[in-house]
Structure formats: structure tokens, C-alpha cells
Amino acid sequence: SEATAVAEHFGLPVMANYDENRAVDRNHALHIGRPGELTGHYQPDVILAVGVTHRGQGKPADLEPFLGAETMIAVGASGDRFRNLPGLDIAIMADERQFLAALLAGAQKTSKAANFQGRWQTTETLAGTLRGRRLEQLNARSQGSGPVPPIALANAIDRTLARRGGGQLMVEQYAVPLDFMDSAHAPGTIKAFRAGGASEGWGIGATIGTKLGAPADPVIGLVGDGSLYYADSGLWSAAHHKVPVLYVISNNRAYGVVASAFGGANGSMKQEGQYSGVVLATPEPVQIAAAFGLEGRVVADEKELDAALEEGMRIVQEEGKPYLLDVRLPLGIPAGGQEAIPFHLID
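Using my numbering, the first residue of the sequence shown is number 1, and each one after it goes up by one.
Rather than coming from a laboratory, the hints here were simulated on the basis of the structure. Bear in mind the structure is a predicted one, so any value in this text is a computation, not a measurement. Misleading hints may appear alongside valid ones.
Straight-line C-alpha distance at most 30 Å; calculated DSS-like pairs for lysine-lysine [said to hold, decoys possible]:
hint : residue 1 : residue 2
1    : Lys321    : Lys303
2    : Lys270    : Lys191
3    : Lys242    : Lys191
4    : Lys112    : Lys242
5    : Lys112    : Lys270
Please put together the full structure from these sequences, using the hints given.
Put into C-alpha cells, the structure is as follows:
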């Protein structure tokens with residue numbers, strides 16, 4: 001992409017948030033991760049924000065990655081790209097791709113990439129350090145058995161698609177951190193993408209659309225349990241039309257984003273460790289799928305994961321029909337918390 005070419009010419013470190021990991025491959029040597037993870041490791045003096053909408057979470061810490069920069073430049077095709085960026089010095093209204101192409105063309109006329117080799121090496125070392133730190137933290141949660149840690153699911157999906165030469169991974173969930181996936185097995189062949197914005201229920205239908213758009217590729221739909229329950233009727237469409245896709249439900253049995261927000265508010269739920277209205281303990285995705293005509297199985301133990309994914313893909317590809325895996329992750333509420341006693345009208 002244009003962004004990758006510019007970064008490579010100048011040896012520039014690239015940051016991207018959780019939602020945007022497409023412009024520059026997340027495993028590129030110059031990709032240093034999310035802005036919020038850089039504290040104590042890297043402080044840029046100039047930030048070039050291309051096509052960025054900084055939403056934040058309404059906290060002072062949202063702005064910390066930007067505050068130490070001496071110069072802040074934003075480029076975008078709409079005014080939304082210039083909002084909520086503290087200390088913005090220069091705003092350039094332009095098509096992002098055309099801007100990057102022009103920037104690269106000008107740079108190639110006036111300088112050589114070799115001139116920035118030292119910067120490249122420094123950035124590559126930083127990126128490797130930060131990536132290793134993230135993976136170490138995530139892999140520490142893997143016990144080899146029991147509930148499936150998110151990073152284990154991400155890498156198992158990666159291995160499964162890599163064995164087939166790559167494929168399409170449609171994502172609508174927030175429990176599995178795709179920007180931490182290894183992807184060393186088949187770099188550049190696994191295309192992972194998210195919903196265009198925050199959503200609940202987009203992924204079931206979008207997985208069907210992905211297969212229709214890429215009929216020759218293996219397709220996995222990685223959909224959260226909460227998202228599934230907003231649009232489970234889409235499973236009927238997949239079954240009725242025999243769309244050969246593998247649905248992988250990252251089931252943390254909770255609205256994890258909401259639970260995390262409650263925890264971050266430091267209110268009574270956090271203080272008491274009792275989380276109300278966010279745990280989805282009773283719905284059964286496999287039974288729901290069966291009602292719409294899909295076969296499926298529960299994967300409750302990490303040691304069963306690779307075999308289950310292989311069997312699911314075999315059914316999808318050889319039998320030409322959809323299949324669903326309900327992969328049980330650890331409960332998606334803040335550490336130390338538990339489900340509050342559910343409210344019932346009859347109580």
C-alpha cells in the first residue's frame with residue numbers, strides 16, 4: 001500500500017489502533033502497535049496521522065500518545081479526520097491515497113531510502129521488542145488446556161488458514177486481538193478485516209458476503225457470542241443456500257466491551273466485583289445453529305482447538321456447507337469479577 005511504501009522509504013514507525021490493521025500489515029517490521037502501548041518505550045517528535053479518526057474513550061489518557069509531539073499533522077478527506085487531535089499544527093484536506101502517493105514520489109526524487117537505514121534499524125528493534133512484550137503477556141494466559149485464551153484462538157485460526165495457503169477472515173468480535181496474531185505461517189496470504197464501525201450483528205451476514213465475494217478462498221467468520229445473538233437468523237441463510245463458511249464463535253459468555261466499561265468506571269460493580277446484566281451464561285450457540293440447520297460443536301478445552309478447526313474446515317470444504325464452532329474463552333468480565341445474581345421478574 002501507499003502507507004507501507006512511505007514508511008519503508010523513510011524507515012518510519014507505524015502505529016494503528018485496534019480497529020485499523022489493514023493499511024500496513026500488523027507484522028510488518030516497522031509496525032510498532034497501538035498508540036496507547038508506547039508509554040515508556042517511544043515518544044515521537046512528529047506525528048503524521050493519515051486517515052485517522054481519534055475516537056477515544058472519554059479519558060485524559062486517550063490523548064497521552066499525542067501530547068509529547070512537537071508537530072502534529074493530520075491528512076484526511078473529511079473534517080472528521082481533524083477532530084479530537086490535541087495540538088494539531090497542520091490539517092491537510094486531501095484524498096489519503098493520493099497524498100501518500102505524491103509524498104512518496106517527491107521523497108524518491110530528493111532522497112534515497114538507504115539514507116534512512118539507521119532509522120529503519122532502530123524502528124525494527126523497537127517493533128520487535130514491543131511485539132515480543134505483547135505476545136509474552138498474552139501467551140502467559142495459555143495453560144495448554146481448559147478455556148481457550150484469545151491469543152491461542154487467534155494463532156490456531158492463523159495456522160488453520162495457513163495450511164490451506166491462506167484465506168479470508170471476517171471479524172466481528174472484540175475478545176481476540178487480531179493485531180497480535182503471529183501470521184508467520186503464511187505472511188500476506190491471510191486477509192483479516194473488521195466491520196466498518198462499531199456493530200453488533202454484522203458478522204454473520206458479512207461472512208456470507210465474504211464468501212460470495214471470494215468464492216475460491218477458505219472463509220472463516222470470527223464472530224463474538226454477543227454479536228451472534230443480534231443476528232442469528234443469518235445462520236438460516238447460510239444453511240439454506242449452502243454457503244461453505246466456518247463460523248467460529250469467540251464465546252466469552254459476556255458483553256465484554258460493556259463489562260470492561262463498567263470496570264473502568266470504578267463504580268459499585270468494580271468495587272463489589274459483581275457485574276450485572278453483562279454475562280451471557282445460558283445461550284447455547286450450537287443449539288441455536290442446529291435450529292437453523294447448521295451442524296456444530298463446542299470447543300471447551302484448548303487442547304481440542306486445532307483438531308476442531310481442522311474438522312470444521314474439512315466439513316466446510318469437502319461437504320460444501322456451513323459449520324459452527326462455539327469456542328469457549330475465559331469469562332469476559334474484568335479480572336476478579338463475577339456474575340451478579342441475575343434479576344428475574346418472579347423474584
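A quick look at each hint next to the structure:
Straight-line distance between C-alpha atoms of lysine 321 and lysine 303 comes to about 26 Å, which keeps the hinted pair within the 30 Å bound. A hinted pair counts as satisfied when its Cα atoms are at most 30 Å apart, and lysine 270 with lysine 191 does not qualify at roughly 38 Å. For the hint pairing lysine 242 with lysine 191, the CA-to-CA distance comes to about 23 Å; that is within 30 Å, so the pair holds. Between the alpha carbons of lysine 112 and lysine 242 the distance comes to roughly 53 Å, so the proposed pair goes past 30 Å and is violated.
With a C-alpha separation of about 54 Å, the suggested pairing of lysine 112 with lysine 270 is violated against the 30 Å cut-off.
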